[in-house]
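Chains A and B are the protein sequences, given in the same order.
Mapping of the first sequence onto my numbering: residues 106 to 490, in sequence order.
Mapping of the second sequence onto my numbering: residues 106 to 490, in sequence order.
Incorrect hints may have been included.
For chains that are exact copies, the list does not tell them apart, and a pair is met inside one copy or across any two.
[Claimed, not checked] Below, computed lysine to any residue pairings styled on SDA-like, alpha-carbon distance capped at 25 Å:
| id | residue 1 | residue 2 |
| --- | --- | --- |
| 1 | Lys257 | Arg289 |
| 2 | Lys158 | Ile373 |
| 3 | Lys166 | Ile373 |
| 4 | Lys257 | Phe110 |
| 5 | Lys115 | Thr319 |
| 6 | Lys166 | Met149 |
| 7 | Lys158 | Ala144 |
| 8 | Lys166 | Ser130 |
| 9 | Lys166 | Leu146 |
| 10 | Lys257 | Gly215 |
| 11 | Lys166 | Pro148 |
| 12 | Lys257 | Gln285 |
| 13 | Lys257 | Gln452 |
Treat the hints as calculated values from the structure; they're not laboratory data.
2 protein chains.
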Amino acid sequence: MDYPFAERRKRMQSSLIRELLKLASRPGVLSLAGGVPAAELFPMEEIQRATAKVLQRYGAKALQYSPTEGLRPLRAWIAARLGVEADWVLITSGSQQAIDLVGRVFIDEGDPVVVESPTYMGGLLALNPYAPRYLTVETDAQGAKPEALPEKAKLAYILPSFQNPTGALMDAPRRRAVAQWAERANAVVLEDDPYGHIYFDAPPPPPIFTHARTRVIYAGTFSKLIAPGLRLGYVVANPEILAAIIQAKQASDLHSNILGQVILAELIDMGLMEVQAERVRSLYRRRRDRMTEALRAHLDPEVAFDVPRGGMFFWLRFPDGTDTRALLDLALESGVAFVPGEPFFAQTPYPAARLTFASVAEDQIEEGIRRLARAYERYKTRTLA
Amino acid sequence: MDYPFAERRKRMQSSLIRELLKLASRPGVLSLAGGVPAAELFPMEEIQRATAKVLQRYGAKALQYSPTEGLRPLRAWIAARLGVEADWVLITSGSQQAIDLVGRVFIDEGDPVVVESPTYMGGLLALNPYAPRYLTVETDAQGAKPEALPEKAKLAYILPSFQNPTGALMDAPRRRAVAQWAERANAVVLEDDPYGHIYFDAPPPPPIFTHARTRVIYAGTFSKLIAPGLRLGYVVANPEILAAIIQAKQASDLHSNILGQVILAELIDMGLMEVQAERVRSLYRRRRDRMTEALRAHLDPEVAFDVPRGGMFFWLRFPDGTDTRALLDLALESGVAFVPGEPFFAQTPYPAARLTFASVAEDQIEEGIRRLARAYERYKTRTLA
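So that you can see chain A by itself, here it is in the shape it has in the complex (with noise of 0.2 Å):
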């Protein structure tokens, strides 16, 4: 049929990840190409414990129309984190809801949006519809270089803590620098910070937002810290920029799920946010460890990776002119899948694919990356011969 569909419409595209990962999930296939938090670590006793008491506790209100704000208590906890007022805080429907909202919010057609690249493929599909014309801003594994970034824009995406895909962490001087260049520039950062909690070692910097409130938001979730399916994230931003963004959410959705908000609130106060935080850290901190001896052990030393010092994954740098597609059928091939990086670029990509290690056994992490180095060398003897 002939639809009458917006234009809009064909700036929507289906995530490349979502159609991956039905390959990736084909028996005998090993998976390395997921974006999902380790299964193994929900915290399924202590939620089955706080949701029975939550019905108790606020009755009926866990399941009645709520403000579209959010849940005082959960919003006073985000707040006092980040040294913030409650009334700063937003629950959104995870972090992607986040990104939707603040295209929505600042987004016309054709305005300046600076991306990383690369940059989550997630960010690029939530601000696509809104049309911007986006600026890129190199990296390294501190992260985007300020110097980079363009006189003018209207907006800037960053993940400054252990990125997806790349997992670089921004160091302080960079995270002032772009917080400097957000006042200098009028426009508005929005520091999207999903795994600044899954440090392997020391805590990142503190956010962007610290050295700019009123030109930073912030946005975080509880996926990775506490599961995912409870679509539950935040954005933290000053009233003024906050009324906007709670406007366009209550024109979307209402408000967010509130028991599952309840049922986040009573964890808090079981006081199991930091001792979860930890078990997330230290299996993460093993399978990172596990899959860097493996990279060493058995991948082309052509191969150019960072080990990340924190988040889910890790980015490999391929030759000029390498074919991840085409590496990506020899893989599967050899039972093992990824994610090529192209996707995760608004503009010109270079040669890249990104493994999880977060969601994968430890004792299959070696021969997934067993599996990958022979792809990848089959790929090679193909291309030479």
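Chain A is fixed; fit chain B onto it per the hints.
Chain B in isolation, oriented as in the chain A frame:
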């Protein structure tokens, strides 16, 4: 501060209802202004049992990232009720999100969009950011008049069953006529049906969707049947349209909270849905009857109303020239709140008020109407003086 907001931001407004609810929640004010279900109907015990069970049964799957489309058994149950396959169904974060996503997929700035006059104000809130050109269609007790539909339009947003705010029920011939119009006009109809299951004598005629499955998008919700705090609704549409809506959903929040979805699936397995629907109908019917009696006994007969045959609302039509905002001030002084009609109109409003009976205890309904009647007498005295 002078933030670089998008043009779109100007088209977003905080819901007047939201502001009113603050007034209505002042001590001593008996609120007929709400649009929320009766909290005493929430199946607390069943939800508690279901929750304990699903955390056992689904384990980590009840908390992990899950497909955008939603939980298969839930989709299958919804599909069966409309005589389609499960892959015609997308689970949304309430039916509010369904309206937003349909707007996102279909409306370019200036596109002609038909809405009923009056219509659900939350629908207008959701569609406004997409900058449609509204064409309004007159309504009576049988809902929108098909002969008043324009020759051309891109989308029509229709609430055929116990409409919010009027309570109107569209009869079968009109439903067929709307479906035929959609074919002729190459338009898409968004059929919003949150109240169809809350009927007080007979079930409504089959949905418009059943008359034109390639042209009509059906939106439903669990908010009024089970509980709104779960934020779970759904869209049913042919797969070509649904694919676009799924992509929009993925970009905006990845998927709806899965814990709520498995709880609902469990409630279905427990056979609760039909039992619960009967509980809702029975309580609301009693409250509707009380309000009918009270309105007939106390309200000035120049205020016109139809007795709703389902849903949650009475819609009072005042004589031309009545200032319902001024009336509201007097009503609040008299200790009763209602929603003035104005925000339910995309174009020229007439003087009206929406009253709910759903969430008002039976022994308060008469007193509420007495206070309203008294406020109207005072309004008339003042105006004539």
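Against the structure, the hints:
1. Only within a single protomer do Lys257 and Arg289 lie at most 25 Å apart by alpha-carbon distance; the minimum there is 9 Å, versus 48 Å between protomers.
2. Both within a single protomer and between protomers do Lys158 and Ile373 lie at most 25 Å apart by alpha-carbon distance, with minima of 13 Å and 23 Å respectively.
3. Proximity of Lys166 and Ile373 under a CA criterion of 25 Å is satisfied in both settings, with 18 Å inside one chain copy and 22 Å between copies.
4. Proximity of Lys257 to Phe110 under the C-alpha cut-off of 25 Å is restricted to the inter-copy arrangement: shortest distance 15 Å between copies versus 33 Å within a copy.
5. For the homomeric pair Lys115 and Thr319, the shortest alpha-carbon distance between copies (20 Å) is at most 25 Å, but the shortest distance inside one copy (34 Å) is not.
6. Both within a single protomer and between protomers do Lys166 and Met149 lie at most 25 Å apart by alpha-carbon distance, with minima of 23 Å and 11 Å respectively.
7. Taking CA atoms no more than 25 Å apart as the test, Lys158 paired with Ala144 passes in both settings, with 23 Å inside one copy and 18 Å between copies.
8. In the homo-oligomer, the alpha carbons of Lys166 and Ser130 lie at most 25 Å apart only across protomers (15 Å), although the nearest pairing inside one protomer, at 40 Å, exceeds that limit.
9. Taking identical chains as interchangeable, the C-alpha atoms of Lys166 and Leu146 lie at most 25 Å apart only when they sit on different chains, with a minimum of 12 Å there against 29 Å within one chain.
10. In this assembly of identical chains, Lys257 and Gly215 lie within 25 Å of each other by CA distance solely inside one copy; the values are 13 Å within and 30 Å between copies.
11. In the homo-oligomer, the alpha carbons of Lys166 and Pro148 lie at most 25 Å apart both inside one protomer (24 Å) and across protomers (13 Å), since each shortest distance falls under that limit.
12. Taking the shortest alpha-carbon separations for Lys257 and Gln285, only the intra-copy value of 13 Å comes in at or below 25 Å, while the best inter-copy value is 51 Å.
13. In this assembly of identical chains, the alpha carbons of Lys257 and Gln452 lie at most 25 Å apart only when taken from the same copy (18 Å versus 40 Å across copies).
Every hint from the earlier list agrees with this structure, and none is contradicted.
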